[in-house]
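Colleague: The chain contents come next:
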Amino acid sequence: MLSEGIVTFTSTPDLKYAEEHIKKAVKTANLVSKWKKGISSLTEVPISDSTVTRKAKINWKDLDKSEFKEQIRTFQKHIEEKLKVKALIETDIVFLNWSERFVSSEESKVYQEYPYAILTLTGRVKHNNTQVKYYKNYGGLGGVDVLPFDKLDETDSFVEVINNLPSARSIYQGTSKAVLSEDMAWTCLHEVLGHSLEADNVLSGRSFSAGMLGMKIAPSVVSVIDDPYIETVGYYEYDSEGIKGRGTLLVDEGILADFLHSRATAAAMDSEPSSNYRAFSFEFLPQVRMSNFFFEPKDHSEEELFENVRNGIYIGEGLAGSAEPQTGEYNFDAQYGRKIENGELTDYILQFQISGRMIETLSKIECIGDRLLAQPGSCVKNNQRIFVGSVCPKIAVSEMRVS
Amino acid sequence: MYTDEELKDTAVRVLQKLEKKYNFECAEVYIQSLAHMMGGTEYRTPKVFQSTHRAGCALRYFKNNELFFACFPLPTVLTEIDNLLDVTTYPILSKKFDFPEISLGSSRIENIYDRRIASMNEEEMFNLSYSLNQADESFKEIILDGSLMLSLERKAIANSSQAVAFEKSTWFDINVRALYRGFNMISSSEKHLTSRQIPASINSIIDDLISETIQKTVHADKIENIEIPLVFSPMAFSQILSFSFVPLLSTNSSKKLSLELSPNFNLKDDGTVPGLPNSTAFDDEGVNQAKTIVIKDGIFEQPLNSSQFLGSDEERSGNSFRVKMFEYFPRNYQAYPSIFPSNLLIGEGKTSSNNIIEEISEGIFVNSTQGYMTADYHSGTFKVSANDTYRISKGEIVGSLDTFDIIGNMFELLSKDPLFSKDRRVVRPSNTPYSIVSPFVATDELTIFL
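If you're matching them up, the sequences are chains A and B in order. Just so you know, we're using the working numbering here: the first sequence kicks off at -17 and counts up by one. Just so you know, we're using the working numbering here: the second sequence kicks off at 23 and counts up by one.
Just to be clear, a hint being listed does not mean it is correct.
Said to hold, decoys possible - Stretch-level coverage of chain B by chain A, calculated; a stretch enters the list once three of its residues show a Cβ under 8 Å from a Cβ in chain A:
hint	region
1	140 to 151
2	358 to 364
3	425 to 431
As the list claims (entries may be wrong) - Lysine to aspartate or glutamate pairs mimicking EDC-like chemistry, simulated, CA-CA at most 20 Å apart:
hint	chain 1	residue 1	chain 2	residue 2
4	B	K30	A	D(-4)
5	A	K5	B	E145
6	A	K16	B	E336
Said to hold, decoys possible - Residues on chain A that point at chain B, a partial pick, calculated with CB under 8 Å:
hint	residue
7	S(-15)
8	V(-11)
9	K6
10	K9
11	T112
12	E265
13	Q308
Worth flagging that the hints you see were computed from the coordinates, not collected in a lab. Idealized CB from N, CA, C, for every residue including glycine.
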């Protein structure tokens, strides 16, 4: 609720208490407005009246239970047959049917419903008596149809990493030229630059990008886009304040062109809402969030990226780490890496860390791959987790700090 | 809001329906009702005041010796369990175990329920949060923002042992942040405090924050020597310990703890200490909380357990909690019960933290670490960015340092005689559902990466 410039939020799981809580929220706004002048207003937007229902082509509920179990067994068997080392393999599957009904006093009405499916493969192997883990996500918008049961070859790269981890070497601490995998490029971009472009972070002093609008922050090869229409777990057509989704060009050939907005942040910064105000469920106050946030692909093939680096390292999928959008500092763990020698991938490298400052990392991007890879991802902001698409091409950088 | 009686009554009715309709061998009902009120102020962004209510029911049951789990919103649970068998299609891989006998005799812990929090209205809440604004106006160089959150959790547990456990708990959380006004806005300090009652004054927390923030404005010369002792604050040490060591304390992971640690290292889990952030009468399965000596004089004694993961010769430790990570209030009926500590108490040393620092000619004081670190509790290795650090020179803290990485191994740190201070603080590491009572810890077993 917005009253007297004060935003209040209330939630209840039981409609019978809704009226009581709404009255309390209005009372709260009145109380606060007597103490301090409200500062919030909303940008005017068109009224939405829409119903969007996406159905899975193959819903797991429609499958015969024993048939589905057999499908999973076949899937696991395929992986186990390709293993050349002793490994423990886990397959986790999550099906999610997410729906949201939005109604506003401005008479917007939106109902949207999407199915998402995520399959996570986790492998554990021994390396010098220490357990090493590697995992990879598959899936997106849809049901059983978007999982790799009919495309078993998609798991080959997972098995290849597992087969090579027991003999992988440790990394030498220092700096190196590097190619970042799609997932690691996304992790860096999302966690550091992405959160710094969320306008609520910009306003509250939690963004190193504040004050840089219109400035050149990256080489001209770099353009960055947020687009909710890519069919991943980050897909949606309306945000949680009923704004029709649209793609946003945030970095245009190296120039910071825009931030991600809600109606309130757009009003505060004299901009347009970008349909990024989202909550995972009714329990939470929406926040400005990314959807599918990625480097715009350019025209370099994978081989050209490795050839560009020539001698360096390939940085595999991300595992964990920390990022501070306020300063742009980050460190992330790569689940594995590979040496690049004479433009070819060679030895495997055990889990290692990359670190740096985003503004410096951006300046070192030399070329960007031509193919987007979309995987399921998730994002936590202020103790609220939502699903987002991990979407990105590979990128090549002239220097990356590794340890 | 549901009344206490409605919650208890619903637990019993759901259990009866499960038993009558499905004739389960063994069933458990867990009901959670949660109410939050949050108020505060944030620099340049709209003031937001929130109240959140959650009420839900989680079920576990055995059918043909297979374990199933489901959860429903409270308003609809009694009708939705008519379709329970359609919802719970796939069992959880588990050996058969018994849900605990719920004993009501000792199920009460003092000082975990503050009637003032439970009954606080909006006006009182905003009087409290408005005090943040007033504090902000008294410091010219610094902008203060932050939030206060009051939480009331009620939980009811019923199982086939025919008793209902019921408990009410309150929490008061304060998060405050200080930003420098006018210059270098990217520098800030933050503080978080969790308690079970409304503190007498939030001014002392703000005063600490202000003094830390001012201390940060003085920069020290860059450190050249990377082989120098580090002193960790209770928060920084707990943060690293929570990811690189704590997961080993549960029954199903504790085999690693056969290694011998420093005889100065003592660790116990105690969910019965009145007033500590995670003290409760019983855990989320209805097992009475206990004091569990996990490590004594460096030797592993007993792991933390749950009904599902209980060693044959182990006492129940009451450490089964339903936790959804990354939420303001992580205990959530939607999460499957797992083993977590309640309050971990690290044994104190003999020297005060001030004396430890006075004895160091050249070193670093690590006040806090940044973000979600990388740690592997199987090997004990960790890498973390230290973003709030100070140079120690000739026994004194002389100024702040730039962010650097710390790389080390927690097993080695704990086995090579770390120095624990006499003074301890209660902290709640971020993204964990438990608290740690930790001393300051000094060690020279770590590598820093400048």
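Colleague: None of the hints should be skipped; say for each whether it holds.
Modeller: Evaluated hints:
1. 140 to 151: holds (count 3)
2. 358 to 364: violated (count 0)
3. 425 to 431: Answer holds; 3 residues pass the 8 Å Cβ test.
4. K30/B / D(-4)/A: Satisfied, since the Cα-Cα distance of roughly 17 Å is no more than 20 Å.
5. K5/A / E145/B: holds, 13 Å
6. K16/A / E336/B: violated, 59 Å
7. S(-15): Result: violated, 11 Å to nearest chain B Cβ.
8. V(-11): For V(-11)/A, the interface hint holds, since the closest Cβ of chain B sits about 5 Å away, which is under 8 Å.
9. K6: holds, 6 Å
10. K9: Where the cut-off is 8 Å and the nearest Cβ of chain B is about 6 Å from K9/A, the hint holds.
11. T112: holds, 5 Å
12. E265: holds, 6 Å
13. Q308: Because about 5 Å separates Q308/A from the closest Cβ in chain B, which is inside the 8 Å limit, the hint holds.
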